[in-house]
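Visitor: As you go down the protein sequences, you meet chains A and B in turn.
Take the first sequence: its position 37, counting from 1, is numbered 39 in the numbering used here, and each next residue is one higher.
Take the second sequence: its position 170, counting from 1, is numbered 173 in the numbering used here, and each next residue is one higher.
In case anyone wonders, no lab produced these hints; they're calculated from the structure.
Please note that a few of the clues may not be correct.
As the list claims (entries may be wrong) - Facing chain A, according to a computed beta carbon distance under 8 angstroms, are these residues of chain B, among others:
no., residue
1, N79
2, E108
3, R109
4, E119
5, C163
Stated by the list, open to error - For lysine-lysine, the following DSBU-like pairs were computed, each having C-alpha atoms within a straight-line distance of at most 35 angstroms:
no., chain 1, residue 1, chain 2, residue 2
6, B, K200, A, K117
7, B, K164, B, K65
8, A, K117, B, K8
For glycine and all other residues, C-beta sits at the position ideal for the given N, C-alpha and C.
Okay, here's what each chain looks like letter by letter:
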Amino acid sequence: MKDKSRFAGLLAVAVSVILAAAVAHGGDEEDGGRIIFTKPVKAVVFDHKVHVAGAGLECDSCHDEIFEMETGQAESRDDFTMESLYQGKYCGACHDGDTAFASNTRCTLCHIGVKGYMREMGGGEAARSGH
Amino acid sequence: MKISKLEQMENEGVDGVPLEERRKFLKFGLAVTGVFLGGSVLSLTSVRNASGGAGPVPEAGKFPYRPHYSMVIRQNRCIDCERCKEACVRTNHVPEYGFRTTILERRHVIGPDEEETIFMPVLCNHCNRPPCVRVCPTTATYKDKKNGIVMMDIKKCIGCKTCMAACPYNARYFNEEIRAVDKCNFCFDTRLSRGEKLTACAAACPAHVRVFGDLTDTSSELYQIIHAPERTVWVLRPETGALPNVYYVNA
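Next comes chain B alone, as it looks inside the complex:
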């Protein structure tokens, strides 16, 4: 039918539409708005598998990657000596205006005249649902299919910095020298792929704050720490739903 003829047609109204047709139409609409998809498209409904009180650590055996690289930060052991930062800069040639990992500092009032200092190491969380990957227009940043590391393909990066805005953890910076966004990749190119077992930061830490490992290995220290009964484990900014792979505990 030609569009010009469509205009000349008479409006049939909805009374004549069979019930089945209506139902199909509504179903289609609901599918598009995400009601049938557990809210994952437009988030009009809550996430179907959300479970309060269970904590951020996935149940044993429910890790999507193999090896599933992860890091646990034993936060209250951090003394901000910044040897991790120095090791990272040396290993990954990080310029002084950027960082792949850094230490945040927070003063916490614990009494009338008493404060404590909390040092919080931060780095890329290698999220299972990384917002940075989702927004990258050229797929320059991607989730490695095998080990889950959020990688950068700097040849594809156009420097639009959308990933920097999307990252909930401020874990990315624009590297002027390579004209691309740079970030932590768990030292994959500089250490892991060369047979090293630890990232540079984890190896340099004198207080064993950063425990790096493979979550699918149930005998690993990393696995043991975050699955210890009664231990409180937390992640940063869980409300973003990014499912981060950097866990925090107090030792």
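The shape of chain A in the complex, shown without the other chains:
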């Protein structure tokens, strides 16, 4: 009796772990989720959902020519700047004022700042506001 209930408990734990992993993995596969860039400034958000479900883009609209699949590649380069965007690189490939709103407008739509970054990371902004 005792063994049986222990087995049931273990099974429940195992199933829930596998399910959680599948959900997390599935989420990653569906779209890339929310990408938070922290370089060169803190912080910029890119939401895959807005671009795939919202704007109707395909994966290969951006990958691998404009952005590599692997997170953090663009960020590691020195030319990942607003100036490059104005020249049509990275986000600027679409955000040129024609295909999508121009890169030099609506700054805070993508730039969520340190406060936005703290929220994304689950920390309260009150912790940083200084009073």
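With chain A fixed as given, assemble chain B onto it according to the hints.
Guide: Showing chain B alone in chain A's frame:
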């Protein structure tokens, strides 16, 4: 005359007072209540030189200080990267519980399902009529006679925090280490007096949000921005009458 004798005197009434005496008395009363002073003493009348629609920017040539240090915030370029804050903390040794400058955030609904975020950098406004200076009981905080910066003399500060309550901009904090109130002084001691032209925050801003300069220099970028024809310039809490020197525009 002795006071004891005064009590014994008979009341003359007001009928016997000459008209001229009455007039003098009334004039004195009006002067005390501020009617003759444009309301600046007790604010019983409106401010004489108030001018609606003219905006917060003084007319060219009407700046009381030389150099007249000022800052314009190009608000919609701010992305809250907070490099200004970091630079300020480094330069002026600001503890983590206080700030000399910070960024406020506001969500602004612009459509049925749409919001925009506005980041608003704030700092001491170095007002021409600073409420903090007016309330300081020891003159520890004062307006520099030459450049108009609202300074702190920390040796005189007794930590009563009245200035913190008086400031309309929440630009002051009590520094536990120096046991005095600390605030932005446009980096006067740390940079300007050492020959630097910009405050630490203005120098650190990657988006050129903070434009610092001298308003008496008509060729300065600062002057050009706030005097550009048709540009909307605003200040924070203009109703306090403090005449702030930090201006806001959208670039």
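Visitor: All hints are to be evaluated individually against the structure, with a verdict given for each.
Guide: Here's how the hints hold up against the structure:
Among the interface hints, the one on N79/B holds; its C-beta lies about 7 angstroms from the nearest C-beta in chain A, closer than the 8 angstroms criterion. Evaluation of the E108/B hint against chain A yields a held restraint, the C-beta minimum of about 5 angstroms falling below 8 angstroms. At a threshold of 8 angstroms, the smallest CB-CB gap from R109/B to chain A is about 10 angstroms, leaving the interface hint violated. For E119/B, the suggested interface contact is upheld, since its CB lies about 6 angstroms from the closest CB of chain A, less than 8 angstroms.
For C163/B, the interface hint is violated, the least distance from its beta-carbon to any beta-carbon of chain A being 19 angstroms, above 8 angstroms. A threshold of 35 angstroms between alpha carbons decides the hint, and for K200/B with K117/A the separation of about 30 angstroms falls inside it, so the pair holds. At most 35 angstroms may separate the alpha-carbon atoms for a hinted pair to count; K164/B and K65/B meet this at roughly 32 angstroms. With a C-alpha separation of about 75 angstroms, the suggested pair K117/A and K8/B falls outside the 35 angstroms cut-off, and the hint is violated.
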